[in-house]
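Here's the letter readout for the chains.
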Amino acid sequence: MKKYRIVLLILIVSLNLGFSQNHKKGVVIYSVKPIPIVKLDEKLKNKDIEMYRFFKKSQEKIEKASQFIEYKLKFNNKNSLFFINEILENDYGNGARYFDIGKIYTFSNARIHEKTQYGSKFLITSNLSNVKWKITNKTKLIGKYECFKATTIKKISNLKGTFYRNISAWYCPEIPIPFGPMGYGNLPGLIMELDIDKMGIYTMKEIILNTKDKIVINKPTKGKIVTEKEFDKIGMKIHQNRLNAR
Amino acid sequence: MKKIVSLVLLTGMLTLMSFGRAQEEDCFDGATRAADYVLSNGGTQSQADSRFHDYFEVCSECQGFMVIQL
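Protein sequence lines correspond, in order, to chains A and B.
Under the numbering used here, the first residue of the first sequence carries the number 1, and numbering increases by one thereafter.
Under the numbering used here, the first residue of the second sequence carries the number 1001, and numbering increases by one thereafter.
By construction, these hints were calculated from the structure, which means they are not laboratory data.
The reader is advised that the hints may include incorrect statements.
[Said to hold, decoys possible] Part of the chain A face toward chain B, derived, beta carbon under 7 Å:
1. V38
2. F54
3. F163
4. M236
All residues carry an ideal CB built from backbone N, CA and C; glycine is no exception.
Bound conformation, chain A alone (with noise of 0.2 Å):
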């Protein structure tokens, strides 16, 4: 009997170990569904109608867009790539402007935020680390796969202030993988849907695991690199340049 336990737990280690050494490179791809920044309320139309319209109207063009965008997050044994998937629908091509985010990288305990705004390329670092991810017992199941609820709490600091964000990842210890979209990740499981509030909701649409592509993700070398506190105050110098100019 101790004989046939022991042959189990062989068995089952060698099976888990199995599925971690062929799951070392991938290709996941999501869908956005966008979260509007500005509420289209009563209190915005009466106080300011024109923006009322706009917001409106922008938020409007890309939720149709986003019905056409997808994301893919490839990744190897130790780095992850997250950028916008070819555009699906050419009519759409102008709207999907605004889910292209760049490209982020992770690469151990780094993400670099490689993007172009403020009419410069800019390689934007932040520590994984900094991420403090809470882990609930919540569950849910995202295509066939069960999936826990884990949430942290994002700081923003703009001109106006400090504002915090929840977000909330779903991942899957079915598949550990520690990636996830947007450069989030370092959870026991592949993050299957991720909830950035005022910003979206990206949930996988299709897993490719053991592609036979090879899977090489270099460290990206052109811009200017900065921490995200100072690309905020860039864009913080150039709102109050636009403020002054009115």
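Keeping the supplied structure of chain A fixed, place chain B upon it in accordance with the hints.
Below, chain B without anything else, positioned relative to chain A:
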């Protein structure tokens, strides 16, 4: 006669330029206001900048002058 024609043309150009400038200022003001709303609602500086350009682009296209990248 030539002088009169030149004067009329110059006046017309100046009027058009000042009219265009006023409209451009309107768009700039609206775009800045749109960005301000994004920030007041907890958006990032980067999101605010995107909305600034969205507004400016739509507004300037309607009013028929070139988009100025700021």
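Item to check | Minimum beta-carbon distance criterion (7 Å), M236 of chain A to chain B | outcome: With Cβ-Cβ at 6 Å, under 7 Å, it holds.
Checklist entry - Once the shortest beta carbon distance from V38 of chain A to chain B is found, is it less than 7 Å? => result Constraint on V38 of chain A satisfied, holds at 5 Å.
Item to check | Interface hint status, F54 of chain A versus chain B (Cβ within 7 Å) | outcome: 6 Å, holds
Item to check | F163 of chain A as chain B interface residue, shortest Cβ-Cβ below 7 Å | outcome: 3 Å, holds
Comparing the model with each numbered hint stated earlier shows that all of them hold.
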